[in-house]
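Undergrad: So you can see what is in the structure, the chains are spelled out below.
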Amino acid sequence: MILMAVFLVGGSIGLLVDWPAGPANLDWGVWVVLYGGYGFVISAALFHARTGR
Amino acid sequence: MAESALYTVILVFYFGALMGLGLWFNRRNRSRQEYFLARGDLGPATVGFSYSATQMSGSSYMGAVGTERELGYNFAPAGVSSAAAAWFTYVLLGERLRRLASRVRCTTIVDVFEARYRGRAVSVTATLLMLLAFIPLIAAQLKAAGNLFEVLLGMPYLLGLVVFGGIVIVYTVIGGMHAVAWTDLIQGSIMIVGFAVLAPVAVSAAGGFAEMHQRYAEFNPGGISFLGEMPALWVVSSFLVWGFFQIGGAPAAVTRFLIPKDRGTLRKALVFSIAFSSFIYIGSTLIAIASGVLLPDLEQTDLALPTLVQLLMHPLFGGILVAAVLGATMSTIDSVLLLASSLVVENLYVPMARREVSQRRGVRLARWTTLGIGLLALVVAIDPPATILFIVTMSFSLMASAFTFPLLLGMWWPRATRAGGLAGMVGGALTCVVWYGLGYMEHGTFDNWIAGLWPALVGPAVSLVLLVVVSLVTRGPPREVVEVFFGEGEGTADGVPAARG
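As they're listed, the protein sequences go chains A and B. Quick note on numbering that gives the first Met the number 0: the first sequence kicks off at 0 and runs consecutively. Quick note on numbering that gives the first Met the number 0: the second sequence kicks off at 0 and runs consecutively.
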């Protein structure tokens, strides 16, 4: 549930931040919140599948 | 061979295979519970893919690609959030629902409400709300498929509707949940292969990953980061709503948690769900951005995906991908159709029947009901009235508002009472409808809301407050309910009927 709160609250704040320009003509927000978000969710699901928590 | 003829041949083979699957599973359905739930008969991949394929839909694949093409990364948070929906629902509900199903017989999600809140008022309200949302939803999906047939195959709308609707209704009627879940797995697998090929081809055709974004910024300067065209509150709302509130907003998908008998199957199913959803949403983002670059003048944005397929892919592969998109539409229709008929049979007819319904008669009744609801939706889809389209627009928000917290707190908070559950359900649904109405009065559209706040956020918030306050001022639930829902260990009865009170 802590991970869920981090995802929801962190993601919401991350969407509102004015991020600097990053690689591939995208700002860092897209890399951190979007693509990082997918990595976070997949990792959390694997964590739950392995540990049950 | 002409492109449309090749598409037709592929679709004939594909639909033939689906019908065969329905017939194959025909003999497996010996009871209503096997027909509606296939309890214990499905593995992790089938449960996982079926959850995600039901949660998404073919029209939302096309709609999402079209919308993302217009809004760019303003809309992308909805994708990562939708992928996370499986994580939220599996962790917060999955294990508890699976364990509950081993203690009391739960064939539908309304059975869960009835077992938890012990009242016909709760179960009838939940059933009617779901049916109100589901039948127009099936009709809208059928309409989307009919339109696709018309555009891609040059087939008259009515003929496309009847062919497509007829196939999905027949295999659902014959095969029940076994056929529905297995076709979801097949359709999801084809979708993965399709997107795995189309996304890199589209990105490459748009100049490569970095150049594609540079060119997209010229096409849509506001769409290259999260906050551009749309208000900040809208972007954050879509992020929150498409993830967390799928707990109540997607009851057909959540029903999948009643299927597995063991914990390991459910956990592995989560991995399949997350992997499938994430892959599809990342792929659709890339395809959408590429379509903005490659098809800047496209007028019907919903056709961005099929148009890109026609532009970039060999007709043979394009035909398979189109079949998969249609298959995704089918995944939603078959699941919702099966849930709607299970609600009518299990939560309306059986409780009112004066005598015991035998297994054989029950399965026959279930099939006739599935057929009846399917045909009703087919008739509605021929020329859907404006009110139907309005209900479709708000169906997700309505269910998220009505069911998210009564379901979640019902599984986690022993103090939640029957009156609290009913107040949360009705109050959330009414708030959602009123919020849509106020937004319409202010903006003249159902897509923009007061202060940019999505009704699927406001409705659940009111539902939560009502549920908690009313529960605290009313008498707590009976001890046996608390024991069934919050006791430790697995059940041994595996499906004794829930007491109806």
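Note that these hints are calculated values from the structure, not bench results. There's no promise every hint is true.
[To be verified] Far from chain A, some chain B residues (derived; all Cβ distances over 12 Å): (1) S80; (2) G153; (3) I281; (4) V432.
[Stated by the list, open to error] Quick list of in silico lysine to any residue cross-link-like pairs, SDA-like style, CA-CA up to 20 Å: (5) K267(B) / L15(A); (6) K260(B) / G51(A); (7) K267(B) / V5(A); (8) K260(B) / G42(B); (9) K260(B) / R49(A); (10) K267(B) / W30(A); (11) K267(B) / A48(A); (12) K267(B) / L45(A); (13) K267(B) / R49(A).
[Said to hold, decoys possible] A partial selection of chain A residues facing chain B, derived with a Cβ cut-off under 7 Å: (14) P19; (15) V40; (16) A44.
Just so we're clear, the structure is a prediction, and the values are computed from it rather than from any experiment. Using N, Cα and C, we set each Cβ at its ideal position, and we do this for glycine too.
Undergrad: Each hint needs a verdict: does it hold in this structure or not?
TA: Checked hints:
no., hint, result
1, S80, "violated (8 Å)"
2, G153, "holds (38 Å)"
3, I281, "violated (6 Å)"
4, V432, "holds (26 Å)"
5, K267(B) / L15(A), "violated (34 Å)"
6, K260(B) / G51(A), "holds (16 Å)"
7, K267(B) / V5(A), "violated (23 Å)"
8, K260(B) / G42(B), "holds (10 Å)"
9, K260(B) / R49(A), "holds (18 Å)"
10, K267(B) / W30(A), "violated (28 Å)"
11, K267(B) / A48(A), "holds (6 Å)"
12, K267(B) / L45(A), "holds (9 Å)"
13, K267(B) / R49(A), "holds (9 Å)"
14, P19, "violated (11 Å)"
15, V40, "holds (5 Å)"
16, A44, "holds (4 Å)"
Hint check: violations occur at hints 1, 3, 5, 7, 10 and 14; the rest are consistent with the structure.
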